[in-house]
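Student: Residue numbers (the numbering used here), protein chains in the order written: chain A, 1 to 80; chain B, 1 to 492.
Misleading hints may appear alongside valid ones.
Label-pair ranges, simulated between beta-carbon atoms [as the list claims (entries may be wrong)]:
(1) B/Asp153 / A/Lys58: 20 to 26 Å
(2) A/Glu5 / B/Gly73: 36 to 42 Å
(3) B/Asp153 / A/Glu52: 39 to 45 Å
(4) B/Ser20 / A/Arg30: 48 to 54 Å
(5) A/Glu50 / B/Thr149: 49 to 55 Å
(6) A/Lys58 / B/Asp471: 20 to 26 Å
(7) A/Glu52 / B/Ser20: 29 to 35 Å
(8) B/Ala259 / A/Thr2: 44 to 50 Å
(9) A/Glu50 / B/Arg102: 26 to 32 Å
(10) B/Thr14 / A/Asp21: 54 to 60 Å
Partial pick of chain A residues on the chain B-facing surface, computed with a CB cut under 10 Å [stated by the list, open to error]:
(11) Ile13
(12) Leu18
(13) Asp20
(14) Gly36
(15) Asp38
(16) Asn44
(17) Ile46
(18) Val55
(19) Phe57
(20) Val59
In short, the hints are calculated from the structure, not lab data. Every residue gets a Cβ at the ideal spot worked out from N, C-alpha and C, and that includes glycine.
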Amino acid sequence: MTDDEILRTLTRILRDLLMDDSITLSMQTRREDVPGWDSFAYINFIVALEMEFGVRFKVSDVESFENVGAIVKQTQALLS
Amino acid sequence: VTSNSPISEVPLATRTFTESDQLAFARLTGDSNPIHVDVVTARRTQAGDVVVHGVHGALWALDKLVETDVLSGGVASIAVKFPKFILLGRNVELRVTSRSAREIAAVIAIGSMTMTTLVISLGGTRNVDDAVSPTTPLPPRRTDPLVWTRIEDIAQLQGTLDVAPCVNDLGRYFPHVSACIGSDRVTAIALLSTLVGMECPGLHSLFSSFTVRLTESPAAQTRVGYRVNYTDDRFRIVRMAVGGAGIRGDVQAFLRPPAVAQKSIEEIAPAIVPGEFKGSAALIIGGSRGLGALTAKVIAAGGGRTIITYAKGQAEAAEIVEEIRKHAGAQACSAIAYDALKDPAPQLASIAGNVSHVYYFATAVIGQQRDAPFVPDMLDAFTAMYVTGFYECCRAVANKSERQITAFYPSTVFAEKTPLTMIEYAMAKTAGEMLCQHLNRSNCGIRAIAHRLPRVLTDQTATIPPVATRDPMEVMLPLIREVQSTKANQDD
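Sequences and hints are given; from them, build the entire structure.
Tutor: Structure follows, in structure tokens:
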């Protein structure tokens with residue numbers, strides 16, 4: 001799976017969560033760039049992502065992701 | 001299905017939930033979790049104030065959708081998420097965001113903030129077996145929620161809720177949606193609030209979302225069964241399957257961290273040199289909990305006299321006073337009511353003798369909901385609390401005192417690295433630091449000491465997911481010693 005494919009899936013998950021089809025994530029997107037992507041929405045996003053890809057992050061990873069790109073890279077690492 | 005669109009311009013309905021609304025829904029459903037009905041307890045939760053029952057908001061929205069004929073056909077399923085707390089007294093709007101022959105999407109919003117989302121799939125009910133058989137004995141209607149603190153303790157929970165006793169009242173309370181999907185199903189949905197708030201996860205719960213499909217239940221079935229089918233101890237998530245009384249689906253909630261208890265004076269005392277604070281009299285604004293309560297215990301353990309103030313937590317303040325007096329004597333602590341936004345002089349008039357030190361731990365809810373990058377009203381409120389309130393308090397104490405007083409001003413590391421959602425808080429705290437410098441130059445009888453505190457474990461930092469925090473005692477003891485070392489202005 002490519003980074004772009006993961007990114008598109010993450011965009012879909014967040015759109016569904018926040019009910020906002022105008023959201024488009026990039027590798028550089030940070031949580032604070034997306035209105036409504038607060039700590040609870042972030043957890044729900046991570047859990048939905050884990051279910052989608054069948055992966056499980058460490059809490060320390062979840063706390064330290066600086067942007068969407070870091071989430072994509074870690075997802076990629078867990079998938080490989 | 002049409003695509004989701006930005007929130008529509010015109011609200012379908014508006015409402016401001018009041019305290020009497022809360023009590024009515026709590027009475028009807030039995031969900032009297034204190035986060036919904038007790039302002040003193042609710043202020044120590046992640047919400048910081050009393051929260052509208054999420055299911056109450058959702059059923060109100062469904063009732064309005066039916067009343068206005070937006071929803072008129074059969075309902076197949078209802079999916080609801082609660083991304084933000086709705087606090088009492090806030091005017092909310094119901095907006096339809098998309099509508100097609102198969103689905104209606106709506107939100108409950110405050111300005112541009114989405115508080116609740118609803119997706120209603122249209123179609124008929126289904127004949128399905130209940131995923132959860134409500135066979136366990138019915139528990140008595142609880143007056144107090146069950147208390148769980150460890151996620152592993154609820155991983156196997158299951159039980160049953162009784163729809164029958166409240167089906168008529170809830171049917172009348174939500175007449176339109178009851179006419180549409182049946183009062184038994186409305187009641188079953190309403191009792192999901194009771195399930196989360198009173199049973200599982202109970203006292204320390206936050207309702208996150210639910211999805212229910214409408215089913216054809218046997219006519220006599222008036223119970224909803226639940227069973228925990230997933231937990232995640234990393235994020236303290238609990239998911240349950242629910243079924244019965246015409247619904248079948250899933251519920252997700254968080255087991256939130258309980259209110260933070262600071263160390264007891266017995267635990268603190270070994271770290272304090274006996275008598276090291278003797279002769280001082282410290283007024284501790286906001287001393288009924290958190291860092292204020294800890295400071296009072298430290299000073300009292302060192303032989304100082306303390307006067308703690310409370311805004312709402314009278315009972316909590318009384319407990320702190322009792323604890324300190326038991327350890328340090330009847331003169332070691334007293335408590336007074338104090339509102340940092342009101343004239344301090346009359347509020348402090350009852351304090352006998354000189355006050356040598358002021359510790360200003362008055363606080364507002366810091367991580368407030370926002371719908372803009374900068375909210376001027378929020379800055380005004382923080383400035384009133386953290387700048388003007390501090391100054392007026394110090395001035396009132398200094399005016400009563402025969403000698404210079406020393407005041408401690410707790411600033412924040414967020415003044416250096418400010419989260420995007422805390423700009424107004426950081427601005428007000430930075431202004432408070434400048435005020436301290438100004439007071440020290442002004443020779444006005446107030447020596448002010450400001451320190452930028454790191455994140456320490458308090459009610460406001462006990463978040464989901466957990467964020468690294470430091471031990472409050474480790475942070476505060478050196479600072480208290482620095483502030484208290486100003487011996488010149490103490491009583492002999």
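Student: Work down the list of hints and note, for each, if the structure agrees.
Tutor: We went through each hint and held it up to the structure:
1. Separation of B/Asp153 from A/Lys58 is about 23 Å and conforms to the stated range, judged on CB atoms against 20 to 26 Å.
2. The hint said 36 to 42 Å for the Cβ distance between A/Glu5 and B/Gly73, and at roughly 38 Å that hint holds.
3. Range check, B/Asp153 to A/Glu52: Cβ separation about 29 Å, and the 39 to 45 Å hint is violated.
4. One distance hint, 48 to 54 Å for the beta-carbon pair B/Ser20 and A/Arg30, is violated here, with the actual separation near 42 Å.
5. For the pair A/Glu50 and B/Thr149, the supplied restraint of 49 to 55 Å is violated, since their beta-carbon distance comes to about 25 Å.
6. Look at A/Lys58 against B/Asp471: about 24 Å separates their beta carbons, and that is inside 20 to 26 Å.
7. A beta carbon spacing of about 43 Å between A/Glu52 and B/Ser20 contradicts the range 29 to 35 Å that was offered as a hint.
8. Checked against the hint of 44 to 50 Å, the pair B/Ala259 and A/Thr2 passes, with Cβ atoms roughly 46 Å apart.
9. Separation of A/Glu50 from B/Arg102 is about 29 Å and conforms to the stated range, judged on CB atoms against 26 to 32 Å.
10. For the pair B/Thr14 and A/Asp21, the supplied restraint of 54 to 60 Å is violated, since their beta-carbon distance comes to about 25 Å.
11. Interface restraint check for A/Ile13: the shortest CB-CB distance to chain B comes to about 13 Å, outside 10 Å, so the restraint is violated.
12. Checking A/Leu18 against chain B: minimum C-beta separation of about 7 Å stays under 10 Å; hint holds.
13. Hint status for A/Asp20: holds, given a least beta-carbon distance of 7 Å to chain B, under 10 Å.
14. This hint holds: A/Gly36 has a C-beta 6 Å from the nearest C-beta of chain B, less than the 10 Å allowed.
15. Below 10 Å, beta-carbon pairs count as interface contacts, and A/Asp38 has one with chain B at about 7 Å; its hint therefore holds.
16. Nearest Cβ of chain B to the Cβ of A/Asn44: about 7 Å, under the 10 Å cut. The hint holds.
17. Among the interface hints, the one on A/Ile46 holds; its C-beta lies about 8 Å from the nearest C-beta in chain B, closer than the 10 Å criterion.
18. Because the closest C-beta pair between A/Val55 and chain B is about 13 Å apart, greater than 10 Å, the hint is violated.
19. Taking 10 Å as the C-beta contact cut-off toward chain B, the hint placing A/Phe57 at the interface holds, the least distance being around 8 Å.
20. With a least beta-carbon distance of about 5 Å to chain B, the hint placing A/Val59 at the interface is held under the 10 Å criterion.
Taken one by one, the earlier hints fail for this structure at numbers 3, 4, 5, 7, 10, 11 and 18, listed in ascending order.
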